[in-house]
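Chemist: Sequence:
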Amino acid sequence: MKLAIGDVVQGHHEVALGTVAGITDHGDGKLVVVRVPGGGLRLLDPSALTLVARRAVPTTPGRSVAALIVLGIALIAALIGCRSAEDLGADWLLTVLAGLGSYKAVVITYECWLHLTGPRRFRV
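So for the sequence shown, full-length UniProt numbering puts the first residue at 1; every next one is plus one.
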């Protein structure tokens, strides 16, 4: 199981939900530090946890602008890909696929950037 700090979890024998506060090593293996309501901390075995929700990061204005810029660059790349394939004498299907490939190459790069800058997940 991969957890990030801030994920919402529930223990199998607990009624209350808690958020992951960290991970610690123990003699028998790793334990997850869970912050429960009321400010308390509990050490729970990862096998005794159920993941309820992933940590949600609010979208910042800078990230929204970056997404719009990447969308514009991707559309320009798709147009260039379509025009290049058409100039080389490609059929309509190959022209569309060249544009789609150009668009997807830019979008995949953006998604990799989001993955690298997102919250770090720990394997427990």
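You may find that some hints are simply not true.
[Unchecked claim] Listed next, with one range per pair, are the computed distances between beta-carbon atoms:
| no. | residue 1 | residue 2 | range |
| --- | --- | --- | --- |
| 1 | D87 | L17 | 55 to 61 angstroms |
| 2 | L88 | L17 | 33 to 39 angstroms |
| 3 | R83 | V124 | 31 to 37 angstroms |
| 4 | H12 | A66 | 36 to 42 angstroms |
| 5 | L17 | A67 | 43 to 49 angstroms |
| 6 | S84 | L17 | 51 to 57 angstroms |
| 7 | T109 | T60 | 16 to 22 angstroms |
| 8 | D87 | A53 | 26 to 32 angstroms |
| 9 | I76 | T24 | 46 to 52 angstroms |
| 10 | G38 | V124 | 36 to 42 angstroms |
| 11 | L88 | V124 | 34 to 40 angstroms |
| 12 | L17 | V65 | 33 to 39 angstroms |
| 13 | L17 | F122 | 18 to 24 angstroms |
Honestly, the hints are just simulated from the structure, not real lab data. Just so it is clear, CB atoms sit at the ideal spot from N, CA and C, and this is done for glycine as well.
Chemist: Next, verify each hint and record whether it holds.
Modeler: Here is how each hint holds up against the structure:
The hinted window of 55 to 61 angstroms between D87 and L17 holds, with their beta carbons roughly 58 angstroms apart. The given range of 33 to 39 angstroms is broken by L88 and L17, whose C-beta atoms sit roughly 58 angstroms from each other. As the Cβ distance of R83 to V124 is approximately 50 angstroms, the hint placing it in 31 to 37 angstroms is violated. Between H12 and A66 the Cβ separation comes to about 40 angstroms, which falls inside the hinted range of 36 to 42 angstroms.
Remark: the range hint 43 to 49 angstroms for L17 to A67 is contradicted by a beta-carbon distance near 31 angstroms. A C-beta distance of roughly 53 angstroms is found between S84 and L17, which places it inside the suggested range of 51 to 57 angstroms. Distance hint check for T109 and T60: the Cβ-Cβ separation is about 20 angstroms, which falls inside the suggested range of 16 to 22 angstroms. Roughly 50 angstroms separates the CB atoms of D87 and A53, a value that falls outside the hinted 26 to 32 angstroms.
Here the CB-CB span from I76 to T24 is close to 49 angstroms, well matched to the stated 46 to 52 angstroms. Between G38 and V124 the beta carbons are some 24 angstroms apart, a value that contradicts the proposed interval 36 to 42 angstroms. Separated by about 52 angstroms at the C-beta atoms, L88 and V124 break the suggested range of 34 to 40 angstroms. Taking the beta carbon of each, L17 and V65 are about 34 angstroms apart, inside 33 to 39 angstroms as hinted.
The supplied range of 18 to 24 angstroms is met by L17 and F122, whose beta-carbon atoms lie about 19 angstroms from each other.
In this structure, the hints that do not hold are numbers 2, 3, 5, 8, 10, 11, in rising order.
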